[in-house]
Amino acid sequence: MEERVMRVMRKGALSCSEDTSIREVAQIMWVNSAHYCVVINQSHEVLGIISARSILKAFGRDLRQVKAKDILIPYTFTITPSTPLKEAIQLMDKRKIEHLIVVSDRPGSKAILGLLHIEDIVDRMAQDEER
Amino acid sequence: MDRDIILCYPHDSVKEVVHMMKANQFRPVVVAHESGEVWGLVSRLAVIRFYGEDLERTRAEDVMRPYRIEVDPQWPIETAIELMKRTRYEHLIIVDPHAGPMRPIGILSSFDIVRYMSGIETGHYEQILKMPQEWSIPSP
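Chains as they are written, first to last, in our numbering: chain H, 1 to 131; chain E, 1 to 140.
Calculated directly from the structure, the hints in this document are not laboratory data. The C-beta atom is built at its ideal place from N, Cα and C for all residues, glycine as well. Just so you know, not all the hints are guaranteed correct.
[To be verified] Using 20 Å as the maximum straight-line C-alpha spacing, the simulated SDA-like pairs for lysine to any residue come out as follows:
no. : chain 1 : residue 1 : chain 2 : residue 2
1   : E       : K15       : E       : R49
2   : H       : K96       : H       : E119
3   : H       : K86       : E       : E56
4   : E       : K85       : H       : N41
5   : H       : K86       : E       : T58
6   : E       : K85       : E       : R65
7   : H       : K94       : E       : L45
8   : H       : K86       : H       : D120
9   : H       : K96       : E       : F26
10  : H       : K94       : E       : K85
11  : E       : K22       : H       : K57
12  : E       : K85       : H       : R61
13  : H       : K94       : E       : R65
14  : H       : K94       : H       : Y75
15  : H       : K94       : H       : I73
16  : H       : K96       : E       : R65
17  : H       : K57       : H       : K86
18  : H       : K96       : E       : Y51
19  : H       : K57       : H       : I97
20  : H       : K11       : H       : I28
21  : H       : K57       : E       : R88
22  : E       : K15       : E       : R57
[Stated by the list, open to error] Beta-carbon label-pair distances, calculated as ranges:
no. : chain 1 : residue 1 : chain 2 : residue 2 : range
23  : H       : Q65       : E       : E70       : 33 to 39 Å
24  : H       : R7        : E       : H98       : 44 to 50 Å
25  : H       : P74       : E       : R49       : 23 to 29 Å
Please model the complete structure; the sequences and the hints are all you need to start from.
Written out as structure tokens, the structure reads:
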């Protein structure tokens, strides 16, 4: 049976507001040992994600002045809990990103349900090999 | 902070690489020749492409990103960050010219740079690099 994202995803996600400074975003990521930070607006809708690699875009600028909304990777694609895991992996590979935001299957919904982490996919691959 | 770099041989299977990653906080694996020379790096994105496939049929050397850019530990950190931005590499293998030809001594990751951007004002690789506590190559 085809594996779905819901079997591997983690509920919840580390997030910050769109006006958070990049200095603070870096601190949030570092303190939480998170390689990502989801960016949301005041209505708690997902705007995008900042990864450990994409945050480098702000390097060389005043990190207290640059805001999360200035460098986020726009959230222009979706995966849901019922997305086949293989399809999500292809999306990660194509976009070269290690975390995918999981939203509700409900049409138009932009509420975060959780995140698909690349570590959990590697873990699943190791578990499959042990079976 | 765990300071070891994870090493495998070019002929090790992706299955072995996956288990190495799992045993080491899912960090990337450096591919090194038996002589100790660095050949490349296997990223997590490189291994998940093989999800659902027979992991024993593919070797580390088939999926690694070949090591081509020599990064010296004495470079200013700013130079490395610019290199990461330009190449879009998530990790840079650091080679110490004094340790021997093409000998990896650590990995600089974009997450190390996050720490740097979070408040460390100045520094070189030595301050934030994941340095191995004991340099060793796994026995064949």
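Satisfaction of hint between Y51/E and K96/H, Cα-Cα up to 20 Å = It holds: about 16 Å lies between the C-alpha atoms, which stays within 20 Å.
ask   = Would the pair K96/H and E119/H pass a check requiring their Cα atoms to be no farther apart than 20 Å?
value = Status holds; Cα separation ~14 Å.
message = Would the hint linking K94/H and L45/E be met if the CA-CA limit is 20 Å?
response = Answer holds: K94/H to L45/E is near 10 Å, not above 20 Å.
inquiry  = For a C-alpha distance cap of 20 Å, please report whether K86/H and D120/H respect it.
reply    = Cα-Cα ~13 Å, so holds.
query = Hey, K85/E versus N41/H, does the alpha-carbon distance stay inside 20 Å?
reply = violated (27 Å)
task = Take the C-alpha atoms of K57/H and R88/E, compute the straight-line distance between them, and say whether it is at most 20 Å.
result = holds (10 Å)
message = Given the hint of 33 to 39 Å, is the C-beta distance from Q65/H to E70/E inside that range or not?
response = Holds, since Q65/H and E70/E (Cβ atoms, about 35 Å apart) stay within the stated range.
inquiry  = Next pair to validate is K85/E with R61/H; report whether the Cα-Cα distance is within 20 Å.
reply    = Within the cut-off at roughly 14 Å; holds.
query = Is K15/E close enough to R57/E, meaning Cα to Cα at most 20 Å?
reply = holds (9 Å)
task = Decide if the proposed pair is consistent with the structure: K94/H and K85/E, CA atoms, cutoff 20 Å inclusive.
result = Holds - the C-alpha atoms of K85/E and K94/H are around 18 Å apart, at most 20 Å.
query = Straight-line Cα separation of K86/H and T58/E no greater than 20 Å?
reply = holds (18 Å)
request  = Sort out whether R65/E lies within 20 Å of K94/H, counting only the CA atoms.
outcome  = holds (16 Å)
The structure does not agree with the numbered hints 4, 11, 17 stated previously, though it agrees with the rest.
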